[in-house]
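Engineer: So you can see what is in the structure, the chains are spelled out below.
Number of protein chains: 2
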Amino acid sequence: MSRIAPAEPWVVREIGLPEGEGAMRQAESLFALANGHIGLRGNLDEPEPRGMPGTYLNSLFEERDLTYPEAGFAFPERTETIVNAPNGKPITLTVGGEPFDVRTGELRRHERVLDLRAGTLTREVEWVSPRGVEMRLRSVRVVSFQRPSVAAIRYSVEADAELRVDSDLVVNEEQPPADDDPRASAVIRDPFEPVFHDRDLLVHRTRRSGITVAVAVTHVGADGELVTGPDRIRWTATAPGSITFDKIFAYGWDGLDQRDNARAERDAAARAGFDELLAEQRQYLDDFWAYADVEMDGDDQVQQGTRFGLFHVLQAGAQAGPHPIPSKGLTGNGYDGHTLWDNESYVLPVLTYTHPACVGQALRWRHSTLDHARERARELKLDGAAFPWRTISGPECSGYWPAGTAALHINADIADAVLRYHAATGDDEFMREAGDELIAETARLWRKVSYFDEEGVAHIAGVTGPDEYTALMDDNVFTNLMARRNLRAAALDEVSEHIADRLAVPYDERRGVHEQAAGFTRLDEWKSFAGEDYPLMLHHHYLNLYRKQVVKQADLVLAMAMCGDEFTPEEKRRNFEYYEARTVRDSSLSAPVQAVLAAELGHLSLAYAYLTEAALLDLRAGGESGGDGLHIAACAGSWIAVVMGFGGLRDTGGTLSLSPRIPPRLTRLQFRLRWRGTGLRVTVTPETVTYQADGPISFQHYGEDVTLNDGEVSFKLDPIEDLPAPPTPRPPGEVE
Amino acid sequence: MSRIAPAEPWVVREIGLPEGEGAMRQAESLFALANGHIGLRGNLDEPEPRGMPGTYLNSLFEERDLTYPEAGFAFPERTETIVNAPNGKPITLTVGGEPFDVRTGELRRHERVLDLRAGTLTREVEWVSPRGVEMRLRSVRVVSFQRPSVAAIRYSVEADAELRVDSDLVVNEEQPPADDDPRASAVIRDPFEPVFHDRDLLVHRTRRSGITVAVAVTHVGADGELVTGPDRIRWTATAPGSITFDKIFAYGWDGLDQRDNARAERDAAARAGFDELLAEQRQYLDDFWAYADVEMDGDDQVQQGTRFGLFHVLQAGAQAGPHPIPSKGLTGNGYDGHTLWDNESYVLPVLTYTHPACVGQALRWRHSTLDHARERARELKLDGAAFPWRTISGPECSGYWPAGTAALHINADIADAVLRYHAATGDDEFMREAGDELIAETARLWRKVSYFDEEGVAHIAGVTGPDEYTALMDDNVFTNLMARRNLRAAALDEVSEHIADRLAVPYDERRGVHEQAAGFTRLDEWKSFAGEDYPLMLHHHYLNLYRKQVVKQADLVLAMAMCGDEFTPEEKRRNFEYYEARTVRDSSLSAPVQAVLAAELGHLSLAYAYLTEAALLDLRAGGESGGDGLHIAACAGSWIAVVMGFGGLRDTGGTLSLSPRIPPRLTRLQFRLRWRGTGLRVTVTPETVTYQADGPISFQHYGEDVTLNDGEVSFKLDPIEDLPAPPTPRPPGEVE
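Those sequence lines, one after another, are chains A and B. Mapping to this note's numbering: the first sequence position 125 is 125, numbers consecutive. Mapping to this note's numbering: the second sequence position 32 is 32, numbers consecutive.
The set of hints was computed from the structure by calculation and includes no laboratory data. Each statement offered as a hint is correct.
Identical copies look the same in the list; a pair holds intra-copy or inter-copy alike.
For lysine-lysine, the following DSS-like pairs were computed, each having C-alpha atoms within a straight-line distance of at most 25 Å:
| no. | residue 1 | residue 2 |
| --- | --- | --- |
| 1 | 527 | 381 |
| 2 | 527 | 448 |
| 3 | 448 | 381 |
| 4 | 572 | 527 |
It should be emphasised that the depicted structure is a prediction, and the values quoted were computed from it without experimental measurement.
Pulled out of the complex, with its shape left as it was, chain A reads as follows (with noise of 0.2 Å):
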């Protein structure tokens, strides 16, 4: 259990320490800071004790080869795995020359706060040593929004005693072992090979990848020596009393000239100054919340986490640039620091509504691996593109290919965040260079990968769904209805017109609900839930799993979430009660969408907590799912239960339409958007809804059509019955 302080608006604090390894790893985190470009997990300034040390750059991964008991064609025969990059990190101290270890003599005051608006992490700490030194420290870190290579550290020290401090920038870290659970990465040991190093620089190269890292540091207000070798530089300072000093380190691996570049970025730091650093990133970040912020009085818990989701998902993405967001953004190297589905299916779209600019930046990374695709595609026997699974730089990582290249959806995930990124901002100079291209490539598959029965309808078959308790079944609505809108998005000729048209939606007569998959309400159910062990994954092998009606995660209710309009409101009603029957939530992602479409029917509390259950599954979850990374998709998931959930929010067609409503816990709900340039303020109360606009705007209010220009309105509300949750066999608002 982590040591999470009660909920405060915020800030996120933790007093004392975390009990135990896992709960370490947890900590580190929840407490990471990272701009999207470079990552620092949360770990102590001290190198020990630790979870997991954890400094990720963007990309910057290893190669490894993977290998079958049983190959097959075109499986993939390598992967990338994100490595831990050269640590900034480490700064160990002695006080009257005994070392500051947090597991020895008394630890009085331990407390680290993630301030959400000042983007920084700040550590009090008061100990005495076993010699009865007192001691106070108080480090502040932050890693820059605006100044994407750069982190840096303010690390003051009093007591009674001589003072020293070893900090380092330290290369080939030991890594912890690699956990025997499926979902967690591999660990590559001594990734670097020493090229060059210089008093305040060290420059690397991964072994396989061949990825050239440099990373200079520099340290302010104190007075220290310097000792280098290739995997570390130590300065050392001492001082009787009392030493304050700032610690600024920079990284270049990307493009060319990456010392130049580390050590530009370093001095430009250095120059402005630890003071200057925080107040951009504070700048950085009141420019974010007032796009961003969510505001919910009546539960300071959920108001909490649902922020620290949003400063989460801006840590992954801000500064992705030309690389992409991965599904643990860089708090850990979860999923090997790969980037699948979630990215364009959860993330992107909270960030096109919040911070648009780092869409198109990510929607252009996809676009920068067209080749890689389209080579892919051509190993498949398909035509245009087929967009990988899982991957850092573009090709296909996934080693299991039922639930990872047979989930073809990921490529109208990725036409549908093009779509509804330039639907919310206008940029068509995006669409002319990247967008379009993408949208077309990605419908060729569909259109090669159909193909008509003799009744004229059109069939996807063989594939697997969002749901990964279900592989490999024919015409999955949700593929189906994304394909259709990928391919009359694409337009690419009267075949593809067509085949959208006439793509199959399995509906199942007899119990007058869709099939998630053609057959699969004539599956045997699972019969029993009570006393099973989740995640089911874990406990039964997938033949059991595949063959029986048992989801894993919101499939057909996201097809009913994303392609509401395919829907009619009672075949809603009677698909979600169906499927709440049978789905267990194994996967992060599947509360929020759960959400939203309790929230649509007006199943009010039972919407609140799916919410409840996303926002705090990291944060106060009790486990320790997150200690290899936290789980992005689900930290934007609060904001989708809240906004598309709540508040309604739909896209479809490039409308933006609202349908708001509270929750009974709730006196008042706020949240933020923005839509082709204009921010819009939401204020929902049980009465009426009230629209800000600093700009002109247009969208719809429970469907009547409403133009503002730089001004208000309200809207009474009609109260909304809060309808009882139907059966489900693991009911949410286990937590807390």
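With the hints as your guide, set chain B onto chain A.
Structural biologist: Relative to the frame of chain A, chain B by itself:
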């Protein structure tokens, strides 16, 4: 290309040497000698040149870890790989100081003969050394059917020079590297650690699986010197002008007292002498052929190929005793030396009617692995036993579960082999001791995995049938019909009988054909087979194969062969035509079954073409696909095509039924079989069929009951019109 001479009735003759390593490996498989207990690949006497050295002891395996890029619950973590056992074959010859090497000097004659009645491999060489010394060598190799642990070589040389022979017993030979083909075996280097050595005995143990193997050798007929080390015994003899000696070696690795057993078997064989070993061998084979031979007038090649196949089936099964019969027999390390379903479905049916004693043993081996299968069933949350898709000692060793663990039909295949063996032999003791329990435990799995829909139809979902180009489908017809038979035979309770009665058999009303599995006939067509490279699995991702109507191997057609009473003649006709058009025969298991149905339906020339393909596959097909071992099931396939195909043998329900017919190519066809202790000889000409029995027997001739008592009866045959072959993407008969 091998240099196999024109067909002779009872021998396979090679003239000259195979060209290239691939052809060398192929010839080593063809000329392998084995008795089911030990097997020697047909390597030359000299260690070089060689394709792949190979000496195999049944179930002498090493363990390997299976690692997965993305593992799943209950994926096997360990596999077993047959290892190259201590090798007693190498004999190095020096002629007047010049080493004998077929690649040097002048090879005037090199001929090898596999004698199918003598059970020997004879080699005759005339060679002139680089310096012009003429040499004649003759060696005869035998692996004793009567003495399962014993092999022997008689080696004779003449030359006008001083001769030196170094005869080795060698352990941990160097092995060629593994192939990239996923069907190939892993190579384990240096599998043995030495335990003990004596002057004429070596004892080793596999490093991980911990199996102890002892091998003892003696040389008779000439004087020599022994030099013994931990990994080698070398016997060296010199003689002027000529030398002849017998090398006799014996293994012990089963049970206790390996050393004593190896020594005792060697000594007993040496006492009997080489000539007696040959006499015993011929007697054993005379007894075999008396009940197994097939005579075909009109086609010497297929005649030879069929006998060659039967010989290798016997070599695979004769003394397999308490161990499994591997898919490659003991002729190579393909499939890691595993046994798969083709043992019960192809090999055991042939042995049941020709050499039934070893079938009881083979099924007792299955029974001995029941605890592994029960444990696997528990892992899979099923009941009873879940037999492994591939194994040596019992645990599941399949590393690709969609075409491994998901092929639950292995359970029914085993039960069916039990039923057939019991019906054909009346071996009630076997049933009490093993058979009944096998049938009950396999049936419990079907009872658990089946479920009823609301119309009361029972289903088995998410399994893979024999066709490995389709996976994880619902209601595979073959699986369901075989499960039905299994359930009925077990008669566990009312529920299981109800399941058996109501199991779905998917039928496509529109096309008027059965669906291989539910929905199969509505999948996309492959569309164009022209220009494809076979096997398709080496050129297409499973994604592409699974989602289309392309069939690797007989599946629905196998269902019609094994469960013919479940289909009307008209259904068989339509189904056969439909699946012929979609079957590419990328498995050697396909042609024999297609032959059976083609013969039944009157496509006599087509059936003969499939028989030809099966009979010549390894012997003359021109490829080198048998380089890592012969396809023993395809060897059995010739008999299946002849006796189930042209003989019309059916045994559903425990009744022997025959409907003989003869293809236009042949003037006379004779086959033999055993039924409950009585030998039956069936002679077919275009006009008549004659049955000769050596005891009492009852059977059906074209549905009419016939009873014979040690006599013969003839029937006139109505002429059968030879129907044209329906279209198929890969017509048979490209071989030859």
